[in-house]
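Taken in sequence, the protein lines are chains A and B. All residue numbers for the first sequence refer to the UniProt record's numbering, where the first residue is 1 and numbers rise by one. All residue numbers for the second sequence refer to the UniProt record's numbering, where the first residue is 1 and numbers rise by one.
These are computed hints drawn from the structure, not numbers from a lab. Cβ atoms here follow ideal geometry from the backbone N, Cα and C, with glycine treated the same way. There may be inaccurate statements among the hints.
Computed footprint of chain A on chain B, listed as stretches where at least three residues anywhere in the stretch have a Cβ under 8 Å from a Cβ of chain A [what the hints assert, rightly or not]:
(1) 124-130
(2) 157-168
Among chain A residues calculated to face chain B with C-beta under 7 Å, some are [what the hints assert, rightly or not]:
(3) 321
(4) 323
(5) 356
(6) 358
(7) 369
(8) 371
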Amino acid sequence: MSSAAPAPPTGPAPAYQPRRAFREPEAGYLGGVAAGLATHLGWPVAWVRVAFVALTAANGAGVLAYAALWLWLPTLAAEEPAPGLAAAERAGRRTTRRGLADIGPAVALAALAVGALFIAQLVFGTGLVLWVLVLGLGGVALIWRQADESSRERWRDSTGRIDPVRALVGDGGWAAWSRLVIGVLMLVTALVLFALRSGRISLAVDVLVATALGLAGVVLVAGPWLLRLLHDLGEERAQRVRSQERADVAAHLHDSVLQTLALIQKNSADPAQVARLARAQERDLRSWLFEDAGPSGSLSAALATLAADVEADHNVTVEVVTVGDLVLDDCTQPVLLATREAVVNAARHSGAPRVDVYAEASATRLEVFVKDRGRGFDLDAVAPDRHGVRGSIQDRMERHGGTARISSRPGEGTEVVLTMPLEDKS
Amino acid sequence: MSTRVLIVDDHAMFRAGVRAELSASPLVEVVAEAEDVDTAVAAVAAHQPEVVLLDVHLPGGGGAEVMRRTGPSSTRFLALSVSDAAEDVIGTIRAGARGYVTKTITGPELADAIVRVAGGDAVFSPRLAGFVLDAFAGTIEVAAVDEDLDRLTEREREVMRLIARGYSYKEVAGELFISVKTVETHMSAVLRKLQLSSRHELTRWASDRRLL
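Bound-form chain A, shown alone (with noise of 0.2 Å):
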């Protein structure tokens, strides 16, 4: 667990810094209090427990206490990862370590519930007065153990603006929500129990429209200015978002192509080298900053792989054109390694300096393009026994009911024109 302690001043004038106390929920059983107060103080976390027990039976003083210090105290903030681990966690890369919590500590606080209820009931009798504290008692904890969860989870959120239901119920799982319900419907049921321990239901009406008309005072006072600090609080925000953006540009760029520059550095004797790194970065930003390609399983999508790889393999440019888009199943993967088969092809014994892929998907049928400038060949002479061509290209297309058209000249290049009809969905 992190330590609250104040990090050792590095500047030339060490600025005197306040010693704070936080709370830790993460390491506590109820609010993180006495875990918080045990790393403040510097004791260990079982003495502040039994001082709080002990305080307790001084008239409750240490439950008053603790809950005075759940409610002031503000929550440890988590220590900030490395600006790398950040960016993937916000982008979904990285799965928070947030498992099951382990649910010892429920099971005492339910049995330490249970033993309190004991211990009322003997001491105000089975009457109607313990139930209704028993209920607002209830309502309230649920309320308040659902806003402080929120208000944790509003810190790993980094979506814009706050918003009031938001601050209460967090994203709104179904548990926060039925938490929620079943806390306000808990205090609505002990306000109307007490007011009808009277007996007149006229009283128990009373009751709840002074308290409803209390509410809404409270609210008419403090609303402009609760909504004044929600709007400087969003506007805190938007400021901290753009700066997480910053560090993800930030992180990604430092990953990539910083680390791309050093190798260049390294490699600056090797021209073909300096070239391939360059090339392949240039690819990797590409697709990063403007995604042009679709999504994964498409046929643009594995263009551009397939692209990205031969450049990676081979000393040339493979620049791909793709002209509609389609999702590749059966009938269009063997387009896809004829494809590659032509490319590889092209950039292995053409010697051409790039090669250029246009693919067009209709609804009735699929076509790709591999052209190449390179020095080219004879057809006929290639010798009956070399199977890239034929078996790679002509036949595996055939087999699937396309065609492979390669029109070559020796000292102009080559094309190869892969054609799949397909069957016409819409």
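With chain A's structure known, arrange chain B on it following the hints.
Just chain B now, with coordinates in the frame of chain A:
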């Protein structure tokens, strides 16, 4: 007589690189450089270049803003950008550029493109041809109200497909048994349709591709 060129880009390194590449060609002469919208507009007015090599992203509003503020003149614009995001490409063409090439283009290819643009032709890189085909694909089926404008003819489509496949103008002409001059006519027609075609269809195309 070589073609007078203005290079507009906010990166001095890149301007120097382009200048060095172009200096190898006797066909073009770099007369000035500019680094943002304001200096570019001023340089066009001062030097009256035949062709402006225009970066898409510029401080002060971008390449489209330069074309808007220059207004009608004999200067032609060729977009030269590292970006291949479709909205940049189409946006610049719609603002009046005569062509679009990416920064990975080689020096001789770039010089060739500049001379073509100076001569009044349109210059399509394979990628731009692909975007054009994509943009007009949806409108080809429907007979829109202004169908003359919103459709590509079969011939124009063929030309675009061959360009997208990596063919040069001469090869396109040879493949379709037409003259190079006819190819250029087709390409200018496509460029005009792209610049004038209904806003609605292109907007829909862009939103289909999650670009808006």
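Each hint, compared with the structure:
1. 124-130: holds (count 4)
2. 157-168: holds (count 5)
3. 321: 4 Å, holds
4. 323: 5 Å, holds
5. 356: 3 Å, holds
6. 358: Because about 4 Å separates residue 358 of chain A from the closest Cβ in chain B, which is inside the 7 Å limit, the hint holds.
7. 369: 4 Å, holds
8. 371: Holds - the Cβ of residue 371 of chain A comes within 7 Å of chain B, reaching about 4 Å at its closest.
Figure legend: structure checked against the earlier numbered hints; every hint is met.
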